Structure formats: structure tokens, C-alpha cells
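Protein chains: 2
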Amino acid sequence: MSNKSGKGALFYAQSGGVTAVINASACGVIETCRRHGIQVYAGRNGILGALREELIDVSKEDRAAIAALRHTPGGAFGSCRFKLKSIEADRARYERLIEVCRAHDIRYFLYNGGNDSADTSLKISKLSAELGYDLKVVGVPKTVDNDLPATDSCPGFGSVAKYTAVSIAEASLDVESMSESSTKVFVMEVMGRHAGWIAAAAGLAAEGKDAPPHVILFPEVPFEQDQFLARVKEVVAKVGYCSVIVSEGVKTPDGKFLTDSGVVDAFGHAQLGGGAAPIVAGLVKDKLGYKIHWAVPDYLQRSARHIASKVDLDQAYAVGKAAVEYALAGKNAVMPVIKRVSSKPFKWKIEAAPITKIANIEKKLPANFITKDGFHITAAARTYFEPLIRGEAAPPYDATTGLPKYVRLKRVLLKKKLPKYEIADK
Amino acid sequence: MSNKSGKGALFYAQSGGVTAVINASACGVIETCRRHGIQVYAGRNGILGALREELIDVSKEDRAAIAALRHTPGGAFGSCRFKLKSIEADRARYERLIEVCRAHDIRYFLYNGGNDSADTSLKISKLSAELGYDLKVVGVPKTVDNDLPATDSCPGFGSVAKYTAVSIAEASLDVESMSESSTKVFVMEVMGRHAGWIAAAAGLAAEGKDAPPHVILFPEVPFEQDQFLARVKEVVAKVGYCSVIVSEGVKTPDGKFLTDSGVVDAFGHAQLGGGAAPIVAGLVKDKLGYKIHWAVPDYLQRSARHIASKVDLDQAYAVGKAAVEYALAGKNAVMPVIKRVSSKPFKWKIEAAPITKIANIEKKLPANFITKDGFHITAAARTYFEPLIRGEAAPPYDATTGLPKYVRLKRVLLKKKLPKYEIADK
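Note that the protein sequences, when read in sequence, are chains A and B. Under this note's numbering, the residues of the first sequence are numbered 7 to 432, in order. Under this note's numbering, the residues of the second sequence are numbered 7 to 432, in order.
No lab work stands behind these hints, which were simulated from the structure alone. Watch out, some of these pointers could steer you wrong.
In the BS3-like style, the derived pairs of lysine-lysine whose C-alpha atoms are separated by at most 27 Å in a straight line are [as the list claims (entries may be wrong)]:
| no. | chain 1 | residue 1 | chain 2 | residue 2 |
| --- | --- | --- | --- | --- |
| 1 | A | 91 | A | 426 |
| 2 | A | 89 | B | 411 |
| 3 | B | 411 | A | 316 |
| 4 | A | 215 | A | 262 |
| 5 | A | 426 | B | 244 |
Remember, predicted model here, so these are calculated numbers, not experimental data.
Excised from the complex, chain A in its bound form:
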């Protein structure tokens, strides 16, 4: 049975770690499809839903609920960490995906994720061509890690950046006011296992001389204990206190994660998803004797829709919208990316990039974004980051509960047409 519109349906799935604005991309996808009369089926828990034929019938969600996705964090349809291997190794699964598409007349396949998802999209596109099934595969960029190539920034990143810069500015005001008799050194950990994009963005808070954060520890710069401690001591002597940002991915000079290094005895449970901040803070306490405090916001930073960046939100919506338009226009194996036209004034546009240019490539923090001493960001970094945290986009709040009005979708599944499918080794 063919899709009502006669144009085929569109499949949309969220992949990997979610963000404060990935649902805004979903909103862009769905609202654009509705304008074009295209059915949307969303994968329940991402690609797992596609494999199991657990397809959420988005037509069952009302207009207001879809609009509310724009201001709701998390992944409204569910996401997953599940990487398909090469076509050779995982051929049965790729074929299953095509089979599910065929069963529901899905002609557009939109996959909202990072590097891995781009890789998967590419393979689905290849196999559908090989099998002679006409499917337009389009990626939708997303990752707080900001490490996708070909795009100026990644939707999700600007909001974490804003959260992080605002948080360290606020906490530092607190520490500063108490520093004579209380905490002298405050250490805040940020996400970024492989690259210091978020750590660098925290540096935006340092407006003016001696403003916090005073020290940033990047994964790109080997952690030299003595140099770090000397800098902290110097800052405390001069400013009265010291605010430190540490990336979870900071490594010792021998290339081990600080959380695995044993720098501070019997701490550092890397698998606990945090621990660089208590290690660094413990070191300051032990070696310099200062009263310290540390914070690990963890998921709070990537889900903080209440302090999302308006620019990030607009870009997240725009890539969702563009992905649909590209698919309907017949583009295949592409991803809408953000092209910066100018920084001052900040102007951007969306353009299509071939997925081959994105899959499995990690964009590194440019070397010229880090100051020579390795402890802060340069003016070039500031020019890049600043526009990304610009603008506010507060969610609506309930006047009685005082809480944001986040939406929960009904997530009604389509009736299955295929036999049951078990995912063996997920």
C-alpha cells in the first residue's frame, strides 16, 4: 500500500548523544514535511526502531506538540548508540533497513547525528542504490562536540557553549565574593573527550582583564602539572582567586587521560563519566593548600534548553528544514551544513555538502585558537565562538509549577508489516 500523498514517506531518526536543540531539528523536519504533504515516520530509539520496524507515526501528534519540540531538550523519539559496521560485515542489517523502507514506502531517509551517523547514511545510500531501491538519504548534523567537518558549527554545540560560558561566569562571581575567607580555586569540568571545543567556548566568559575563567585545560595541550600549579598560584596572588575549566579529555604528557593517570591516588573513575575536575581540584588542594570546590555538570550542560543559544536553535531548525527540501529535490547522500558568510556582522546560510566529506572525519580545534602558553583562547577563537552563543530563546514556563513546558509525544507506532526482527548483538 502506497503512502497517502503518493510521494512516499520520510523516515527520520535521532542518533547518538542528544542535545538541547536536536528536537528543534526534528521540528524543522516535520513542519517542512507537513507543508509538503509528506508523511513522517520516526525511528523509536533511532536506528534501532528502523531495524525493528518500530516506526512512530508522526501524523498522530498534533501541531502544538510538534511546535513544542522546538523548545524541548532530549530526543523526543528516542536515540541510541548503535553503530552499523561495514556493508560487508553488517549486510543483513543494511538489507533489513531497506526492506523496512520498502514495506512502508519510505523514499526519504533522514539521519540526525554526528560522524558515525554520516557514515551509516552513506552506506545506506550505497546499498539502496545497489539494490535498486530509490531512496534519498540525507544527514542532519548534530553534536555538542562540534567536530563535524564541512560545517561552520554543529547544532547543539552553541547551546552547550552558552550554558558553559554563563555558568562559569556566574560561579566565578560567587567564588570571587567569598575568596578572602573561603574557596580560592574553583574547577569546572566540561565535555569534550577528544577536542576542546566546549572548553574553549567557556573562555568567552573571560571578558576584560583578569576575568574568569583564568585557566583552561584543553585535551589538545598535554597537562604539565608544575606549569599548571604555577599558573594557578600566580592568578590567586594577582586576582585573589582562580577559576579553572578542565575538559574531560585532558591528557598527561604520556598521552593518558588524566582520569586514568593516577595523578591523584585512588580517585579518577574514568568510566563514571567525569572525574577530571575532582582530580585537578585535589591536586591544587594537595600541592598549594588552597580551599577548593569543583563542579561536574555532565548531562546538565547538553540538555540545558532553558539557556539555549538562539543562533544555535535557529541553525538546528534550519538544517532540519533544509534536509527535507534537499531530499524532496532529489538530492542524495548529502548533509545540509552551516556556511559562515561573515563573522562581523554574523551571517550564515545553509548549503549541501556531500556526506563523503563528513563521514568519519573529526574536525580539530584549530591550533591558533589556543594561546601560546596553552591556558586560554585567542582573539581568533573569540571571533569564531562569540556569534554561536548569541541570543536567548527561553522555553515557555508554566505559571503554576514554575517549570518549562516541555512536551512529551504520544509516540504511536505504525502497524508492522514485516515479521518480527531481533537485533542480536547490540
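Since the structure of chain A is already known, use the hints to place chain B on it.
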């Protein structure tokens, strides 16, 4: 030399841990003084400034800067942790305070803090009477701990409560969407060394059946490991994931802080100002095998002016304003407190309470706020807490930097009139 107005000057100091809205109280104090033509001298770093005769001349700050205190977190004049002992033990210091007041014709002494500050206020009031120096001493309530008696709530608390409830709601949406293939249990630590006020307020996020947070660990309820693990397992089985709030003050059945208990080997650095969350998360991982994540927002929670509660902000301003009015009306050894007139609709007013009813008394979380199983809040708790996080009061943001426009005062010191004074054993 007497004060310009001929009415005597007013001294204002911030004490103890600062909050997102203590500067709003300062704003209330200063704007009210300006309306009455009263000079304000603020203690640099709290009572330390009074002892050292380091008095900030507030008349040097312009109107816009004072207005901006309303939306700036931290303590704009500096605060401190410095407790004066009994009059007998610390008589020289109390006399020094009176001497400083006398030198600058300070006739009103406003001290913005918690239990300890109320105690100090009381003693200053007693000694000034004994020495025949006419000084009106008025407390201004403040503490994120919400543990002052005689007041419905404490300015500063409502904003931490809002931050905490919003944060756990957001992070839980994130965890929920990833829970099939990633994190199953998320643990967030909140402040509250002695009482579970903040932990309880986090429960407000649990709107509706099975909504997060699913488990709250209060300092008031001894931590029974087996019962806790059984509950987590039950929630994961039913809901698919489990969100846990743990107060930093949680204790084992033998009365030790969890962070000092050795429950998880070689973790728990209590003096690091955090660690209950990684301990609880580690336990879940070890015993139940779930993938876990944990967060310790630490100072972020009490400085998060960007997500302050409007009710809290209004109350913070109102107590500052009322403190000045009480002092000018000749009231002494009192504190303006918040009286709840009704919960539905929420109505409150300010009234004067004698400081004797506040000093050194800790208000405990009522037993009927905790459910029988010890893991959540009751409807009575919800009725109490809900109005306190109501309303938003975002700070203004800079359109270019994307950051809140927080103010930094000039803090010009008055010329000293007395010989140098050293604080020996602080």
C-alpha cells in the same frame, strides 16, 4: 564629622555563602536608603570590612549599577565566613565594630546572612546598648539552605530550587531518550549538608506518574544501600531508566556522611565539596551493572541567576527594603521575614521577627514532606515548595557577547579615620 543627611549612615554587609539573589537584597537596601537620603557604607568582604574599617562608599556607584545588582549573582561587596564568638570571648572585636560605627556616624547596622549572622547581629545590638551607642541592628535573611526559623522561606533558596528542578527535568529527558542503549541511571548531587530542602525541591520536577526524579536521597533518611538499590532496579524495570537526586548531606545508618563512610572504596573526599553523587553512582554500577552518569553542579546551583525564581527575587528585594524601613522606624534586633498568607493562591507579606527567634536555630525539613518509603516528596511538600520557584526573571543579555550583563561595582573605599586594625586569628 557627621553624615550629610544628619540622620546617620547605614552599614550593610553580606555574610556567609552568597546566592543568586543576595545582591537583589542589597539593591533593596540601597534604593530604599537613597529614597530616604541615607548614606550607605558596605563592608568590603562582609564583617571583615567593618572590623578593618574598609567601608565601601556606595554613593560612588551610579543608579544603573545599583539597579543592576538586582540581576547580578554573587556578593557584589564581598562576603566572608567569619564567625564572631561570644561577647566575652570576642569583646575586643565587638567593641571595634562599635568604634568603627561611631567614627563614621553609622546608626543602622544591616547584616545579610543566615543563622550565624543573626547571632552576630544580636550580640552587636546588645553591646551597643551596653556601651550607650545608639545603633539599630537589623538582619536581612539569606541562605540557600532555607533553614532559618520564623520565615516561610529564605531568599536565595527559591532560585536554587528552580535551578535544581529545571536541571533534573532537562537531564532526565536526555537520559530517557538514550536509555535503551546508553545511560540507565543518572545521579545528581545537590547542596544541603544538614537538611534536605534543596533535595526536596528537586522533587517538584516529578510531574505525573513515573516522572523524574524517581528517587530522592535526603539527609533526613538514613541511606540503606539494599533498599536504595532495590528501588533503582524497580524503577529501571518499569520506566526504562532512573533519575536520582542525592543530597550532599546523606548519611549512612550509623550517622556518618556517605562521603566519609567508605561505602565505595577509595572515593569520597568529603572536603572536596562534593562526592555523594559519584559514590551513589558507583554503587549502582558495581551492584546492578547499569551504565551510569553523575553530575555535581556545586556552586553553579546557587549562583544561577539566569534561571532565578521571580518569587525568590521579589522576596530578596522586599526583605532588603523592609530592613531599611524597620531600622529607620527605630526597630532594633529584628529581621524582616516572609510570612505566607496563603498557598493557593500564593500570597505573602513581610513582617518583623525578633532576632532572638532566629539566631542559632535551624529549621528542619518537616517529616510530613517526605513519603513513607523515604524516597520522594509528599503533596504537602509540593504545596509548600511550588510557589517558591514560580516566575522567571532573566537578566538582560548583551546582544554581541550573548552573555548576561552582570555588574561589577567600583567599590571605592571611604577614607579611614581610625588606626590600622589587624584581624589576628581569622
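List in ascending order the numbers of the hints, as given earlier, that are violated by the structure.
-> 2, 4
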